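Participant: Chain order of the listed sequences is A and B. Going by the working numbering, the first sequence opens with residue 1, and the numbers climb by one from there. Going by the working numbering, the second sequence opens with residue 1001, and the numbers climb by one from there.
Simulated from the structure, these hints should not be mistaken for lab results. What you are looking at is a predicted structure, and each value in this text was computed from that prediction instead of being measured.
Calculated cross-link-like contacts (lysine to aspartate or glutamate; reagent style EDC-like; alpha-carbon spacing at most 16 angstroms): (1) Lys-57/A - Asp-1237/B; (2) Lys-1027/B - Glu-1049/B; (3) Lys-91/A - Glu-1336/B; (4) Lys-1085/B - Glu-74/A; (5) Lys-1380/B - Glu-1303/B; (6) Lys-1281/B - Glu-1293/B; (7) Lys-88/A - Glu-1336/B; (8) Lys-1356/B - Glu-22/A; (9) Lys-1380/B - Glu-46/A; (10) Lys-1380/B - Glu-38/A; (11) Lys-1034/B - Glu-1048/B; (12) Lys-1380/B - Asp-47/A; (13) Lys-1063/B - Glu-1019/B; (14) Lys-1260/B - Asp-1390/B; (15) Lys-1018/B - Glu-1056/B; (16) Lys-1356/B - Glu-23/A; (17) Lys-1356/B - Asp-21/A; (18) Lys-49/A - Asp-1372/B; (19) Lys-1063/B - Asp-1024/B; (20) Lys-1061/B - Glu-1019/B; (21) Lys-4/A - Glu-23/A; (22) Lys-1395/B - Asp-1296/B; (23) Lys-39/A - Glu-1303/B; (24) Lys-1085/B - Glu-73/A; (25) Lys-4/A - Asp-21/A; (26) Lys-42/A - Glu-1303/B; (27) Lys-1356/B - Glu-17/A; (28) Lys-1482/B - Glu-1448/B; (29) Lys-1356/B - Glu-24/A; (30) Lys-1356/B - Glu-8/A; (31) Lys-1097/B - Glu-1349/B; (32) Lys-42/A - Asp-1372/B.
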Amino acid sequence: MIDKKLIEYVASLSRLELTRDEEEMFMNQLTDILSYIEKLRKLNTEDVKPMAYPLNKSNVFREDKLCPSTSKEEILANAPAKIDAFFKVPKVIE
Amino acid sequence: MKHLELTSLQIKEKILSKEIQAVDVIKHLFEWIKETEPNVQAYITTTEEESLRKAEEIDKKVKNNERVGLLAGIPIAIKDNICTKNLLTTCASQILKNFIPPYDAFVINRLKEEDAIIIGKTNLDEFAMGSSTENSSYKETRNPWDLERVPGGSSGGSAAAVASNLAFMALGSETGGSIRQPAAMCGVVGVKPTYGRVSRYGLIAFGSSLDQIGTLTKDIKDAAVLLQVISGHDACDSTSAPVPVPDYLHGIDSGINGLKIGIPKEYFADGLNTDIQKAIKDALGIYEKLGAEIIDISLPHTEYAVATYYLVATAEASSNLARYDGVRYGLRAGSEGGIVSMYCRTRSEGFGNEVKRRVMLGNYALSAGYYDAYYLKASKVRTLIKNDFDAAFEKVDCIICPTSPVPAFKIGERTNNPLEMYLTDVYTIPANLAGIPGISIPCGFSREGLPIGMQILGRYFEEKRLLQIAHTFEAETNFHLKTPPLKDPRWCRG
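The following block holds chain A by itself, in its conformation from the complex:
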């Protein structure tokens, strides 16, 4: 069900590079898992509302006021690369 083309596509969506062996392994495993998941098709869910999460809350707002937040220095301390107050990344535009 999952062929080589599809696994390459899904890997690229996931920003993953797979070796030949990994492609083969994941292809087989994902095919197994998806064929198990096929059982959901047996159920008629035409009139059932989808459930996004368990509670009945929506649009949880807070007051729009300033409050303390983590400092720039603390945030940047974990950055693999930085310049001044910025995260540094490799070339974005080719």
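Starting from the known structure of chain A, arrange chain B on it as the hints suggest.
Facilitator: The following block gives chain B in isolation, referenced to the frame of chain A:
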């Protein structure tokens, strides 16, 4: 006196009455950790110096008769997917091998306010994705009852630590059973609270509509006090519920007379280990004798829960884990090529196979052309599973069933077949999909001497009732008092 085998509330009592100093408890505990940890391998990080410093502070407060917190001096272990300020938090992943959080999770703040002592961060399946803790990229945690077996997972390090007295209590997290299942396999008490009961602020996200922090403890009273401390509304988590938190310890021994217990036939189907089946049946006999009424019920959509879960949880995971891109924190695998090559290299080197598998499955389920067939379909079946519970709780007060279909299995036994591993969670996943609370408590041992867990499920926000029901059983039995056959610590003798 075997202090390390005491419960959290018992050791706190001794510290408060000045019978023992918090500093000595920490010293003894770390001696035991040095001796036993090489076998059990529950921890990724331990914090001996900081723990001693904190213990000294508490001893000083006690000496000066100052007010102390609800968890004063209690050594607690934290699953390593919960952020601790200035303390390495890895999620058992190489992609976070150097991540030092600049903030504390809500629950960590609460523990510190109540004077608990954080003694270390425990092992887990990478990003909490797994049922055996074998997906950790750091170490292989063993089941203290049989070192050749898994502790369950994903909170396997926390469960193993509590079971082998390497911590007095621990925090874990659940997305599909990751507290209850290892609690069952290690013979400890595990509580998965209602979704929204405990703030997820600072819990590293996996499946955001399912994730919930919970407790692993030696007995029910310890669970009640720890749950008390970590529960409550938090403005930093928009899914945290503004529901008042009752006093969980008060009236915990008020009994179960007239209680209606539902037994779902779907949870006793093929594939259930016969020792587990018998242990649950015996437990129900005890409840009946104590005045409960046993009622057969049906949760007809149970067989669809695992399939539903592996679409919902992986879809959410694929989005949540998109943040690991080598830019703001964690691993960056070289900067050659453009930014997209850097993303791909970083994620390919940083994630293990189970994480890759789930991210790919989730992206597939959400991708153009497949969304309706997979993610939307699963979200609808999720409603049916929730409706099953709603209907059942109109007839019964709680549901009792096994926590896991099998006792702890051998290390390596299921790692080659992901689907078989997923099916280990068949009895725990439905509660996560519905968002209801559940407890696993020790209820017996298999023929090989492995712990068996019984699961009690309840209505939304009825943790207090569940704790009462569990406590009633615990008071009648001694399964929770048995400890694994690890060597006693030197200082305990005599």
